[in-house]
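Engineer: One letter stands for each residue in the lines below.
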Amino acid sequence: MIRRQFLLSATAALVIAFPAFAADTVKVGLVLPMSGPFSQYGQQMQNGIKLFMKEHGDVVAGKKIELIVKDDGGIAPDRARRAVQDLIVRDKVDVLVGFTFTASALAAAPLAKEADKAMIVLNATSSGITAANPYMIRIGQTLPQITEPAGRYAGAQGYKTIYTVVADITAGHDAEAAFTRGLKAAGGEVAGTLRVPAQNPDFAPFVQRIKDGKPDAVFTWLPPGEATINFIKEFNQRGLSAENIVMLGTGDLTDELTIEQTGEAGIGVVTTGHYSMAHKSPKNQAFIKAYLAEFPNHKWPNFMSVSAYDGMAALYRGLEKTGGNASGPALVEALKGEKFESPRGPIEIDAKTRDIVQTVYVRKVERVDGTLANVEFQEFPASRDSASQ
Amino acid sequence: MASNILGILFDGLAYGSLLFLIGVGLSITMGLMNFINLAHGTFAMAGGYISASLSQKSGMPFLATLPVAFVGAGLFGLVAERLLFRRLYKAPHLDQVLFTFGFVLSSIAAAHYFFGAGQQMGVMPSFLQGQIRVYGIDLGRYRLLLIAFVGLITLALHLILSKTRFGAQVRAAVDNQDAAAGLGINVGLIFSLCFALGTGLAGLGGALGIEVLGLDPGFPLKYMVYFLLVVVVGGAGTIRGPLIAAMILGVFDVAGKYYVPQAGAFIIYVLMIVLLLAFPTGLGGKRA
Chain A
1 MIRRQFLLSA TAALVIAFPA FAADTVKVGL VLPMSGPFSQ YGQQMQNGIK LFMKEHGDVV
61 AGKKIELIVK DDGGIAPDRA RRAVQDLIVR DKVDVLVGFT FTASALAAAP LAKEADKAMI
121 VLNATSSGIT AANPYMIRIG QTLPQITEPA GRYAGAQGYK TIYTVVADIT AGHDAEAAFT
181 RGLKAAGGEV AGTLRVPAQN PDFAPFVQRI KDGKPDAVFT WLPPGEATIN FIKEFNQRGL
241 SAENIVMLGT GDLTDELTIE QTGEAGIGVV TTGHYSMAHK SPKNQAFIKA YLAEFPNHKW
301 PNFMSVSAYD GMAALYRGLE KTGGNASGPA LVEALKGEKF ESPRGPIEID AKTRDIVQTV
361 YVRKVERVDG TLANVEFQEF PASRDSASQ
Chain B
1 MASNILGILF DGLAYGSLLF LIGVGLSITM GLMNFINLAH GTFAMAGGYI SASLSQKSGM
61 PFLATLPVAF VGAGLFGLVA ERLLFRRLYK APHLDQVLFT FGFVLSSIAA AHYFFGAGQQ
121 MGVMPSFLQG QIRVYGIDLG RYRLLLIAFV GLITLALHLI LSKTRFGAQV RAAVDNQDAA
181 AGLGINVGLI FSLCFALGTG LAGLGGALGI EVLGLDPGFP LKYMVYFLLV VVVGGAGTIR
241 GPLIAAMILG VFDVAGKYYV PQAGAFIIYV LMIVLLLAFP TGLGGKRA
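Protein chains in written order, with the numbering used here: chain A, 1 to 389; chain B, 1 to 288.
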């Protein structure tokens with residue numbers, strides 16, 4: 001009891017003492033999946049943030065940046081909401097950064113809106129989520145944004161029959177719709193659609209069905225992990241690649257984190273995405289070199305660490321413009337229409353939707369210097385999420 | 001058309017084989033020992049990690065890692081049984097469920113700590129990749145291996161349980177523990193060995209399954225339904241029951257997904273309900 005009273009008074013003392021420092025610090029609350037099945041994503045993001053701060057210092061516009069990390073455990077909107085509530089009420093953070101999944105970002109949005117806090121969303125990929133909070137900025141990607149170019153690319157190749165295979169969940173339906181939209185815009189049409197269970201131990205029957213249909217190309221969206229790895233392997237084992245059926249997908253199909261597990265079977269898969277480790281730019285080469293030097297025991301950087309790196313870049317740029325004012329309205333106003341160079345290429349924050357505008361690349365899996373890589377060969381510059389406009 | 005149907009049948013049998021391989025060990029721990037063991041997936045995962053680590057780190061050929069996965073998971077099971085599980089043999093079923101489920105959650109956290117959250121890589125030798133054409137039907141080589149293993153394991157288990165002294169002791173201990181102990185059979189040891197055998201088979205199934213099921217720390221939870229499905233539909237405590245159940249479920253699941261993909265995800269569960277209504281104690285079950 002005495003101990004508890006002591007703790008309480010100590011906390012009270014901290015709270016009273018706090019405003020004296022508040023003027024010189026900007027507290028950043030990070031909501032990341034640091035445990036559970038998606039902890040690799042959380043780790044990637046944390047690494048990206050650490051790397052940016054190591055390179056650019058922890059003082060911007062006279063303010064010291066202080067990070068407070070909260071774990072939301074993956075796809076758990078209730079935990080994300082609780083984390084955000086803690087960060088706002090107890091830790092008194094100024095800015096919220098993170099949010100890997102749409103459900104988490106949407107659960108947190110009303111709280112952040114009420115408290116006038118800016119939210120810098122690093123991944124959550126459903127269309128139009130920035131409408132949920134006027135101080136929300138998305139820096140990562142949207143699923144339709146990176147999917148539609150796959151349809152446009154397929155349409156331009158003159159494939160006669162194209163199938164789509166997607167997981168029977170919202171993200172899968174969104175991908176199917178965006179691909180079909182892109183394909184139609186390029187004058188093509190989908191010959192057959194297949195929706196498969198998201199949790200599916202064996203893809204053999206679905207892959208066999210595709211094989212018997214003899215399409216020229218197949219577009220795929222499945223939850224990244226064992227499903228994507230298994231599908232690519234089965235596709236290869238059943239000789240679909242050998243029959244020159246082209247597999248198309250989005251960047252997460254051949255993400256840097258799983259590309260090795262897929263192995264040789266993945267060679268030739270064509271995907272559209274916003275970041276590849278093989279992106280040829282001095283900025284990206286410097287980023288990868290610094291990342292691998294800083295985190296030698298971790299896997300390669302993927303799009304998650306890049307978007308976290310860019311999220312911090314956006315925050316620093318915003319604070320410089322506002323002279324250190326981290327309130328939601330000021331920060332977001334300053335960032336509207338902001339353009340800068342990321343390791344992935346040029347990016348922009350749309351002035352109206354506060355959503356990411358970026359180049360989407362068409363890439364093919366090839367072996368480069370002994371390692372598998374997504375080699376970019378075509379660009380769709382200034383791509384937006386057409387579903388939310 | 002005929003070759004098409006035969007191809008589907010083959011894929012179904014291969015998928016059924018996979019279900020049998022990951023589930024048969026549970027039929028032993030749960031069925032013979034009447035112990036509700038939800039932690040089966042943990043031992044399967046252990047076997048998977050042993051196989052994946054050996055083939056990735058020390059370049060051991062995939063097939064050579066399989067016996068190690070069997071023995072390793074079996075030893076892990078033996079130790080766990082001696083230290084933990086045996087304390088709950090006489091406990092109510094709910095306690096067993098809670099304990100083994102807690103064991104699963106701990107094992108997920110442990111696997112996460114030691115191996116990270118990522119998917120492990122299965123290193124398949126080239127002679128197990130691709131398909132071979134037999135009388136106009138394309139047969140996957142890896143799938144042939146799965147079917148061959150089912151044959152081997154079924155035969156071996158049948159011989160062990162019905163032809164050896166150990167098997168006779170197991171059957172005696174299962175039927176009447178007190179009488180068996182009175183006849184001088186070391187029932188505790190028999191149960192430990194049974195548990196080791198069941199968990200060893202789980203490990204073998206986990207290692208064989210990496211190529212299709214993948215392997216990450218979520219494995220024991222992700223596939224729990226499938227282990228239970230095979231044993232519940234087949235009837236715990238037999239080898240024949242789960243074998244027939246796995247094959248029926250596998251063939252119908254694959255055929256359903258091929259011919260009516262819209263309904264693909266449900267077929268296996270509908271079938272489970274129908275089979276359980278028709279055979280409440282399982283296809284091969286003598287007792288509930």
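Be careful, since some hints might not be right.
Listed next, the in silico EDC-like pairs over lysine to aspartate or glutamate satisfying Cα-Cα at most 20 Å (straight line) [to be verified]:
| id | chain 1 | residue 1 | chain 2 | residue 2 |
| --- | --- | --- | --- | --- |
| 1 | B | K57 | A | E260 |
| 2 | A | K283 | A | E55 |
| 3 | A | K64 | A | E320 |
| 4 | A | K113 | A | D91 |
| 5 | B | K57 | A | E264 |
| 6 | A | K289 | A | E320 |
| 7 | A | K211 | B | D138 |
| 8 | A | K321 | A | E338 |
| 9 | B | K222 | A | D168 |
| 10 | A | K283 | A | E348 |
| 11 | A | K214 | B | D138 |
| 12 | A | K289 | A | E338 |
Hint data in this document are derived by calculation from the structure and do not stem from the laboratory.
Engineer: All hints, please: hold or fail.
Structural biologist: Structure-based check of each hint:
1. B/K57 x A/E260: holds, 15 Å
2. A/K283 x A/E55: holds, 13 Å
3. A/K64 x A/E320: holds, 12 Å
4. A/K113 x A/D91: holds, 17 Å
5. B/K57 x A/E264: Holds. B/K57 to A/E264 sits at ~19 Å (cutoff 20 Å).
6. A/K289 x A/E320: Since the Cα atoms of A/K289 and A/E320 sit roughly 27 Å apart, the hinted pair is violated (cutoff 20 Å).
7. A/K211 x B/D138: Holds, at roughly 12 Å.
8. A/K321 x A/E338: At roughly 11 Å apart (the allowed maximum being 20 Å), A/E338 and A/K321 satisfy the hint.
9. B/K222 x A/D168: Status holds; Cα separation ~17 Å.
10. A/K283 x A/E348: holds, 16 Å
11. A/K214 x B/D138: With Cα atoms ~16 Å apart, A/K214 and B/D138 stay inside 20 Å; holds.
12. A/K289 x A/E338: Distance of about 26 Å is beyond 20 Å: violated.
In this structure, the earlier hints numbered 6, 12 are contradicted, and the remaining ones agree with it.
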